[in-house]
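Sequence order for the protein chains is W and X. Counting in the working numbering, the first sequence runs from 1 upward without gaps. Counting in the working numbering, the second sequence runs from 1 upward without gaps.
No lab work stands behind these hints, which were simulated from the structure alone. Honestly, I wouldn't trust all of these hints.
Capping the alpha-carbon separation at 25 Å, the derived lysine to any residue pairs in SDA-like fashion look like this [what the hints assert, rightly or not]: (1) X:Lys171 with W:His86; (2) X:Lys82 with W:Asp463; (3) X:Lys90 with W:Asp507; (4) X:Lys191 with W:Gly61; (5) X:Lys166 with W:Asp124; (6) X:Lys191 with W:Gln89; (7) X:Lys111 with W:Asp510; (8) W:Lys533 with X:Leu84; (9) W:Lys180 with X:Gly192; (10) X:Lys78 with X:Thr246; (11) X:Lys78 with X:Gly91; (12) X:Lys191 with W:Gln178; (13) W:Lys509 with X:Thr112; (14) X:Lys63 with W:Pro531; (15) X:Lys65 with W:Asp463; (16) X:Lys149 with X:Ile173; (17) W:Lys93 with X:Asp59; (18) W:Lys189 with W:Asp203; (19) X:Lys63 with X:Ile230; (20) X:Lys171 with X:Asp220; (21) X:Lys63 with W:Gly61; (22) X:Lys52 with W:Asp510; (23) X:Lys123 with W:Met147; (24) W:Lys503 with X:Pro107; (25) X:Lys111 with W:Asp108; (26) X:Lys191 with W:Glu520; (27) W:Lys92 with X:Met218; (28) X:Lys142 with W:Asn127; (29) W:Lys533 with W:Asp507; (30) X:Lys162 with W:Arg121; (31) W:Lys533 with X:Phe83; (32) X:Lys166 with W:Glu520; (33) W:Lys145 with W:Leu525; (34) X:Lys222 with W:Leu519; (35) W:Lys184 with X:Asp190; (36) W:Lys503 with W:Leu143; (37) W:Lys185 with W:Asp124.
Restraint-style ranges between C-beta atoms, simulated for each label pair [said to hold, decoys possible]: (38) W:Asn530 with X:Leu207: 34 to 44 Å; (39) X:Glu146 with W:His86: 24 to 34 Å; (40) W:Glu58 with X:Thr194: 21 to 31 Å.
The structure displayed is predicted, hence computed values, not measured ones. For every residue, glycine included, the Cβ atom is placed at its ideal position computed from N, Cα and C.
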Amino acid sequence: MINYSDLVIKYRKTVIFTTILITLVLGYFLKDMKINADIISYLPKSDPVVKLFNYIGEQYGGNLSAMIALETDDIFNKETIERINHLTQEFKKLEDVSYVTSLANVLDIRRDEEGTLQISRLIDEYNLPNTPQDIQKLKNYTLSKTMYRGRLVSDDAKATLIICRLMEGADKIKTANQLKEIIKKSGVKGKVYYGGLPFQMMDISKIILSDLKLLIPLVSLLIVVTLFLSFGTLRGVLLPLLSVAFSTIWVLGIMVIFRIPITVLSDAIPVILIAVGSAYGIHVVSKFDEEQMNEVNKIIRSKKALHEVGVPVMLAAVTTMAGFLSFIFGSYLSAIREFGIFTSLGVFFAWIISVTFIPAVLSLLKAKGKVVSLDNRIERKSVLTNLMDKLGEFVLKNEKIIIAGGIAIILVCIFGMTKIERKVDMLDYFKPGTPIRMTEEMMENKFGGSIPIQILVKGDIQDSTVLKEMKKMGKYLESQGAHNPQSVADLIEEMSDVMGEGKTIPDSKDKVGNLWFLLEGEEILSQLVNPDKTEAVIQATIVNVDTARIRRLVENIEKYIKNTNTTLFTFTQTGMPSIYQHLDDSVMRSQFTSLIIAIVLVYICMVFLLHSFTGALIGLVPIVFTLFVVFGLMGFTGIPLDIATVLTGGITIGVGIDYSIHFVNRFREEFKKDKTELEALDKTLETTGKAILINVMAIMLGFLVLVFGNLVPLQRGGILMAISMISSGFAAIILLPAIILMTKAGFIGDFSRLINGVRNHFGSNDK
Amino acid sequence: MMKKSISYCVLVAGLLLLPNFNNWAQEKSLNADEILAKVDDVINAPEDQELKVNLILIDKDGKEKLREMNMLQKGSEKRMVKFLSPADQKGIGVLSLPNDIMYLYLPAFNKTRRIASHVKNTKFAGTDFTYEDMEAIRYSEKYIPEILKQVDNFIILQLKPKAGVKTDYSKLIMWVKSDNFCLTKIEHYDKGNTLYKVRTSEKFEKLGKYWISKESAMEDLKARHKTKMIMVDVRFDSGLSDDMFTERYLSR
Chain W
1 MINYSDLVIK YRKTVIFTTI LITLVLGYFL KDMKINADII SYLPKSDPVV
51 KLFNYIGEQY GGNLSAMIAL ETDDIFNKET IERINHLTQE FKKLEDVSYV
101 TSLANVLDIR RDEEGTLQIS RLIDEYNLPN TPQDIQKLKN YTLSKTMYRG
151 RLVSDDAKAT LIICRLMEGA DKIKTANQLK EIIKKSGVKG KVYYGGLPFQ
201 MMDISKIILS DLKLLIPLVS LLIVVTLFLS FGTLRGVLLP LLSVAFSTIW
251 VLGIMVIFRI PITVLSDAIP VILIAVGSAY GIHVVSKFDE EQMNEVNKII
301 RSKKALHEVG VPVMLAAVTT MAGFLSFIFG SYLSAIREFG IFTSLGVFFA
351 WIISVTFIPA VLSLLKAKGK VVSLDNRIER KSVLTNLMDK LGEFVLKNEK
401 IIIAGGIAII LVCIFGMTKI ERKVDMLDYF KPGTPIRMTE EMMENKFGGS
451 IPIQILVKGD IQDSTVLKEM KKMGKYLESQ GAHNPQSVAD LIEEMSDVMG
501 EGKTIPDSKD KVGNLWFLLE GEEILSQLVN PDKTEAVIQA TIVNVDTARI
551 RRLVENIEKY IKNTNTTLFT FTQTGMPSIY QHLDDSVMRS QFTSLIIAIV
601 LVYICMVFLL HSFTGALIGL VPIVFTLFVV FGLMGFTGIP LDIATVLTGG
651 ITIGVGIDYS IHFVNRFREE FKKDKTELEA LDKTLETTGK AILINVMAIM
701 LGFLVLVFGN LVPLQRGGIL MAISMISSGF AAIILLPAII LMTKAGFIGD
751 FSRLINGVRN HFGSNDK
Chain X
1 MMKKSISYCV LVAGLLLLPN FNNWAQEKSL NADEILAKVD DVINAPEDQE
51 LKVNLILIDK DGKEKLREMN MLQKGSEKRM VKFLSPADQK GIGVLSLPND
101 IMYLYLPAFN KTRRIASHVK NTKFAGTDFT YEDMEAIRYS EKYIPEILKQ
151 VDNFIILQLK PKAGVKTDYS KLIMWVKSDN FCLTKIEHYD KGNTLYKVRT
201 SEKFEKLGKY WISKESAMED LKARHKTKMI MVDVRFDSGL SDDMFTERYL
251 SR
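For reference, chain W alone in the conformation it holds in the complex (with noise of 0.2 Å):
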């Protein structure tokens, strides 16, 4: 270590500038920064139920499609209807909308009194309904027919749709926002909603935006104020400043070369590293004010500084990376994944930083003339001296007490811990109120739900044995609560219905073939159909609900097709259920896996610090005590587990078990004085433990921004970050004393000396 110090001050010149020189090329690749908003792409590819979903989509144009909905009255107005129409038109020119299905054009199969077979659109564009009575009709045959009621007008007739379709490759931003421009000169009167997967990832790309254009400068004002508290002076509030910003830029920078865009989780990437990493900078800071005061030498004095804070530094940030580094094993989702690596590596930075780059620099500067050590801030601060005198007593009296108290609260929480919810859908990342929320409830009350559930059927689609049985299965898909089930034996039925032979599926093959010739080249064939007629699709949706009941919905067609299926053909599910179901097990999977790696990686770092198996399990009882209330708290306050709030398990080992290392590392120096257990004690917790609440509130604080970002799952994140801090914290300068004290671990030191020691003590240490 003495020999790392030495080169960094010899070489401080170089530090500075190697440093600086990194931050303005990485820098310079943050124009380039992109953000996925596609919360698809974050689903693994290899999983088959989203591979097919992709195929599906890509095959059928599910995933393409942007929906707007027109809300008025009564849509079956003269004006609406032109409305619609004029829509229609305009959106079909737009480069990469391949087509757009409406009121206006889609399909429309029926015989007309005279026993004419009408193969046409519903509405004629060149031919208006322009009367009240011609509009009264139309009303009335599009709400009598299932092809359209329900899906693209609404029951009440008061909602219509326009699907647009988009090309393979389109730019879906860059559509959406055109989509949406049009609409805006079109002057529609009522209200209009913006849904489907392209409006959905520009609203998202938007938040992200935001998110970060708020939430960045937020958590660094309340950094600076934090340590402008702590320290006074412009090199502690700068440095360590500097040093999260710098490590912001340099993971950002890497990022983008290796083409990882911004998602919805490292989004708060920013954030989080301004929270944590500053800690770093912070002690490296305070160190040297504090050596400042014994040692006149720069140069010496920056050498020793830096390397008595070296590994408390090292191992709050290697332990910290552990805990991040966790959620990438056995994560189902890219974005998890890719939050993991990268947070980790920018704590990895933001340490680097601060043991090079601050140093360098303080080493370069004239020392203060009144400096105040952060110990010696915290002194003049007698309230808070006072508070810790009496916690030491307090802690050294009840022991058991403070024990059976935390045990107790540990079993309440296991209690609550059997009421966690999960929430693994994707709508529910953002707030009431939103756009994306507020289109999901339009479409849940006028259209049945925008959830997508895909059963892809192959076998020889013009039998009729295979239409009859998509047919059946649309049926079932509709008693397990699934609405509009749509494949193309309802085209066939209909068809089979104006050649007046009733609304069936033919028995023969060839009449099958016939009635398929008058869908040839039908848009709508290629959204339910392949060309080689070998495989279909039956589409559903369903409303939002809740995880248990998907779970429900995706094993009973399991079900279902699993005494269907036949040589003649096959069905297999997916859609967003099934994807949900595998999200789900993911979730819970990876919190086991994520929470065991991260234990057993800090469990390894502690047995390095202490050297003794059984000091390392004892330091990890506040973490482990504070995994108890966050999950427990979960249970009784209904906040779900969710793709953000799995993380919390990780990050709470991770960087909680900071203030562990910190106050057994003091606690053993200082007993190995000579000290009494409280006086040990007293002494730790008037700088350590003192230390540890300053840094508490300031991650505390941090995490808490996160509740200002419109990310629903973020949000959650932050505040149960914000529970973890103050838990581990005040759970390392009370649980752990007290068991320390109880057990008279031997990794403290030689408890022996004070078999009688500890009420005699009592007297004389009051200062």
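Given chain W's structure and the hints, the job is docking chain X onto it.
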């Protein structure tokens, strides 16, 4: 009138061998309307036609599907199409008569139904030709032409729909061979004025008095789908009777 125009086309073809033909055509300087009228004449020249046509549908991945049909046409407004393949569509017939009257025969049902095909932009039998494209029309009745330029042996016309004409296209740009007034290429622009369909004709052959393109294609640039139309067998002016363009004949 019609006969005259054909001989004119032939005459013009003969002149191709003469030097300075271009100069001659320019000197003659037909105006846009006259050129389009010639084009219409050439298209609608034969009294009747009996065609065996292979339609090849090519999707965006280059996959091909074959569809065979027989087509009878008398004048410009009576047409009977019978599908020969694929097997499940064999025997399906479509009869088009003047005034947008269409009948459809489905052999599996043994039923004939009148179909209202007032929707011009519906694609015909899975091809890239819409009913509008299949209509036997005289361009000069629907469009106002304008000469864009003359290059080599081509006259390039721009056609814009006349007021009140219902069409899916905002304009057409057509390449007319200045020797025989045959169309080699038509670009179809959608209402947003972007090019979205291109029709090309090649392998022109002279059969008797008439020029015919043995291979033509329509490509939908947006859908990236293409239909090739190959004339397998062509007969002109064999004296088809009006009886062949009736419902009764359709279901035979």
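Which earlier hints can't be squared with this structure?
none
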